[in-house]
Amino acid sequence: MKPDLGGWRALLRAGDVAVAVAGLGVCVFALLTLWRGGAPDGAVIRAGGKVVAEVDLVHARTIEVPGPLGVTVVEIRPGRARVASDPGPRQYCVRQGWLTQAGAVAICAPNQVSLSLSGRAADYDSLNY
Amino acid sequence: MTPSTIELTPTKEDRRIARHAAAAIVLTVAEAAIPLPLPGVKPGLANIVTLVVLARWGWREAVWVSLLRVLAGSLLLGQFLAPGFFLSLSGALASLVVLGMAMHLPQRWFGPVSHSILAAFAHIGAQLVVARLWLVPHDGVFYLTPVFALAAVVFGLVNGLVAARLLQELVQGERTEAVER
Numbered sequence: 023m024k025p026d027l028g029g030w031r032a033l034l035r036a037g038d039v040a041v042a043v044a045g046l047g048v049c050v051f052a053l054l055t056l057w058r059g060g061a062p063d064g065a066v067i068r069a070g071g072k073v074v075a076e077v078d079l080v081h082a083r084t085i086e087v088p089g090p091l092g093v094t095v096v097e098i099r100p101g102r103a104r105v106a107s108d109p110g111p112r113q114y115c116v117r118q119g120w121l122t123q124a125g126a127v128a129i130c131a132p133n134q135v136s137l138s139l140s141g142r143a144a145d146y147d148s149l150n151y
Numbered sequence: 220m221t222p223s224t225i226e227l228t229p230t231k232e233d234r235r236i237a238r239h240a241a242a243a244i245v246l247t248v249a250e251a252a253i254p255l256p257l258p259g260v261k262p263g264l265a266n267i268v269t270l271v272v273l274a275r276w277g278w279r280e281a282v283w284v285s286l287l288r289v290l291a292g293s294l295l296l297g298q299f300l301a302p303g304f305f306l307s308l309s310g311a312l313a314s315l316v317v318l319g320m321a322m323h324l325p326q327r328w329f330g331p332v333s334h335s336i337l338a339a340f341a342h343i344g345a346q347l348v349v350a351r352l353w354l355v356p357h358d359g360v361f362y363l364t365p366v367f368a369l370a371a372v373v374f375g376l377v378n379g380l381v382a383a384r385l386l387q388e389l390v391q392g393e394r395t396e397a398v399e400r
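From first to last, the protein sequence lines are chains A and B.
Heads up, the final residue of the first sequence is numbered 151 in our numbering, and it's a clean run with no missing numbers.
Heads up, the final residue of the second sequence is numbered 400 in our numbering, and it's a clean run with no missing numbers.
For reference, chain B alone in the conformation it holds in the complex (with noise of 0.2 Å):
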């Protein structure tokens, strides 16, 4: 075999990415299997790594884990491509885009949970978006939309407040570390 020309050589930085997206990937996946009472209502469990990412390494970070996530996860569930795919995408995009506004909120007041519900709010909106653009030409799909927008509190609470629970323990095991040294 002739040896490559290439030499990738990971940084930390990437393999941090590829450790979280993976946990992320594990999370979409699991999820599918849960059954749903309703198409697209869904509790979103991989953006709790997404949140972790965000608070501990920063938005750009968090780009990468997300939209790694969405492409890797649509792949091993057959979906690449495909209608759900793009709702995934626009989805994700959405709330990337609110998550680099929410995380300069005052963090006195303003945790992983206002971000993970401001985040669910993007993500169903730019869905019911482009649902209403795309795939259902018609205003019927915004007869829907209390239901996703209970959906986003409820499950945007539940995301928030594990991911904040992981950062405690994180920093707390992080604090026992360096004591322990």
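Pulled out of the complex, with its shape left as it was, chain A reads as follows (with noise of 0.2 Å):
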């Protein structure tokens, strides 16, 4: 018996493509926004071994972070992180700039802060420049 493909293709109208196009769409990007490897959930941040903050990347806020030589400033924005500003003299942690990759740190060594990212399917154990 062969299959009357034709029968059912005359069913389908114009818009009833489209919505099922648009439908795949819908997977694609959930996929690719849900599923993204890497991406990370969060950041903590420590002080001389402690940790003074573990917070989302979903609202933008700035934290202050005291350590023997003064006060560490970490900018969080949603999706990443960094160091904004640090009392240490070479400023590498500074320099490394915006942390996006879960895994992710950022470590001020004369002030003893660092700021890592968290995340649920973390590529890297840890990342460094």
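What the hints contain is simulated information worked out from the structure, not anything from laboratory work.
Computed from a predicted structure; not experimentally measured.
Check the hints yourself; a few may be wrong.
To be verified - Covered stretches of chain B (chain A as the covering partner; in silico rule of three or more C-beta atoms under 8 Å from a C-beta of chain A):
no.	stretch
1	315-329
2	352-366
3	376-387
Where is the CB? At the ideal position from N, CA and C, for every residue including glycine.
Join the two chains into one complex using the hints; note that each chain is given alone, in its own frame.
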């Protein structure tokens, strides 16, 4: 028995095809936004080895972390975070710029402050530059 | 036995709703026997009946048939008032609202297939929201969204095609009947 595909195709109207394609578009969009590997969930800030703040990366905010040399300023933006300023002499953690990958760490060793991004599916244990 | 003082006379409409609801309930029960890889991903065959009723008899009857199906189907499967029941109910309500709007789309371009896919998306949308708010209070439920969305497209398309075919044959059957008379 030959399947009557033409008969079925006649039941599809132009808008139906558009709706089905739009539906597939939603699938792809959901796939790309929800199944991103390595996207960070939150940021963990430590001072002197102790966790001082655990924040999500949804709302923008600035966090001031006191250390032995002074105040390190951590800037949080949706999906990323950075050390905005640090009293350390060489500024390595500031020059690292924005951290966007889960597992990325910026360490301000002189001031004993670190900023790391946590994530469900981190691609790396740590990243350094 | 004392004769009943209340006389219930089912109208033609009542019988029609009951008949369609019965067909939908049979499909629900039959579908429960199909093994599925993921909980929550179901073909939703009973929605074919809802689509046919919507196209032939209007939104009000489709609401009756759909909600009776959810209620009686859950009673038969022992799911009544269990979490699965509320997921079905929320999905069915959202689908009906979307169907109520989708049926006013221009008929020339949008047929039962469009209605079916849109309703399927409303169904998973409402279920995900209920699941997130109540059953799994964690954003992890949304992780499965792509799978559910794909299921909505595939099963929405298949159900819509079957409904469109049934409607076509029902109309043809009526025509031949009219000619024979």
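Comparing the hints with the structure gives:
no.: 1; hint: 315-329; in the structure: holds (count 5)
no.: 2; hint: 352-366; in the structure: holds (count 4)
no.: 3; hint: 376-387; in the structure: holds (count 6)
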